[in-house]
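Asks: Residues per chain, in single letters:
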Amino acid sequence: MNEQSVPSGIDPKLLEILVCPLTKQALRYDREHQELVSAAAGLAFPIRDGIPIMLVDEARRLDDAASTTRPEGAAQ
Amino acid sequence: MSGEALIRHYDGGQDLVARAIELLRAAGKDPDRLSIDDLVGLDEFHVRGREATLSLARRLALAGGERILDIGSGIGGPARRLASLAAVEVVGVDLTPAYVDLANAFSRFTGLADRVRFEVADALALPFADRAFDIVWTQHVQMNIADKDRFFAEAFRVLAPGGRLALYDILQGGGGDVIYPTPWACDPAMSHLEAPPRFRAALERAGFVVEAWEDMTAAARDWAGKRYGAPPPANAATVAKLLGARNAAGAANIPRNLAEDRIVLVEAIARRSAAA
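Here the protein sequences come in this chain order: A and B.
Okay, so the first sequence: first residue is 7 according to my numbering, each after it adds one.
Okay, so the second sequence: first residue is 112 according to my numbering, each after it adds one.
Treat the hints with caution; some may be incorrect.
[What the hints assert, rightly or not] Here are some chain A residues the structure puts well away from chain B; computed CB gaps all over 12 Å:
1. Lys30
2. His39
3. Asp63
[Said to hold, decoys possible] Footprint (simulated), chain B over chain A, 3 or more residues, beta carbon under 8 Å:
4. 16–26
5. 52–62
[Said to hold, decoys possible] Here's a subset of chain B near chain A, in silico, CB distances under 7 Å, partners left out:
6. Val211
7. Glu230
8. Val231
9. Ala232
10. Ala240
The set of hints was computed from the structure by calculation and includes no laboratory data.
Think of the CB as a built atom: it goes at the ideal place given N, C-alpha and C, for glycine as much as any other residue.
The following block holds chain A by itself, in its conformation from the complex (with noise of 0.2 Å):
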């Protein structure tokens, strides 16, 4: 255990628990940049020194088309 240490990624435990702030589902962790995707909001939240920023308005939006956007977020 090295508590002390300033952690480098995302806390797994976080992770476990984290879901979409809009859509209340399950998230992607994109290790690669750094982000938890919400497919079903298309958006990415961005992780910075490991703190995960869960505002939909820090959030990148998804402009790939692949994704299953719904105007507003409004999944379910």
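Mind docking chain B on chain A? Use the hints.
Replies: Quick look at chain B alone, frame taken from chain A:
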């Protein structure tokens, strides 16, 4: 919601981790060997500080094993205190990235990072599944939130049936308009205080059953008298030094707002019924 204005109000654009380390060293503490008691006076922003956290925690009588969410966790003092009282896991969310950064740093410095973690999120759109927590804890947060119904609805949603909301908050008193600035708002536009009956009605509208409701204003006045009556040692690490002049100006109005009954403090436990 005006998230950016709120964040600017709270962080003042500072690097809080560097500032906190500097303050702790000046106070004769080693940031690499901290206990949570070394942070008393620094990491609990709310009225009555540690005493308030312990009082609300006593009402919960934690058994161990609870999953706790702290909504508006600031720099994490209360979350770490809860983790020191029982074998619980605490997740804290706050809108202000600089607070979350420092909250996580303090958890590492005190060896609690395996059970206490923080992230940036909005209380009105929580990034957690339904029924994910046994306890939702919140202190001095909803004063910045106009939409109480949505705030309580989100807290209710993430609680498991039978779970409890532990709340310690500032409400509108009967003594007239609040004197600004306050620690939570430079002016009335950022502040959304409700009188106790309306506040309690919003809690109940969300589906909560209020199990405990106690006015803590007298205790808050006592605390303010001691806190502002005798200044801390010159080298002490304090919230005022960490957050700077804006916070200090707001804090200076707390004794008068309390004394003139312009604000009141309430401690409450509300349950999501097991059938809900």
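Asks: Each hint: holds or not?
Replies: Hint by hint, here is what the structure shows:
The Cβ of A/Lys30 sits about 6 Å from the closest Cβ of chain B, inside the 12 Å cut-off, so the non-interface label is violated. No beta-carbon of chain B comes within 12 Å of the beta-carbon of A/His39; the shortest separation is about 18 Å. Under the 12 Å C-beta cut-off, the non-interface status given to A/Asp63 relative to chain B is violated; the minimum distance is some 6 Å. Counting residues of the segment 16–26 of chain A whose CB lies closer than 8 Å to any CB of chain B gives 7, which reaches the minimum of 3, so the coverage claim holds.
For the segment 52–62 of chain A, the stated coverage by chain B holds: 9 residues have a C-beta nearer than 8 Å to a C-beta of that chain, and at least 3 were required. Taking 7 Å as the C-beta contact cut-off toward chain A, the hint placing B/Val211 at the interface holds, the least distance being around 5 Å. Evaluation of the B/Glu230 hint against chain A yields a held restraint, the C-beta minimum of about 5 Å falling below 7 Å. Below 7 Å, beta-carbon pairs count as interface contacts, and B/Val231 has one with chain A at about 5 Å; its hint therefore holds.
Here the hint on B/Ala232 is kept, as its CB sits about 4 Å from the closest CB of chain A, short of 7 Å. Look at B/Ala240: its Cβ gets to within about 5 Å of chain A, closer than 7 Å, so that hint holds up.
In this structure, the earlier hints numbered 1, 3 are contradicted, and the remaining ones agree with it.
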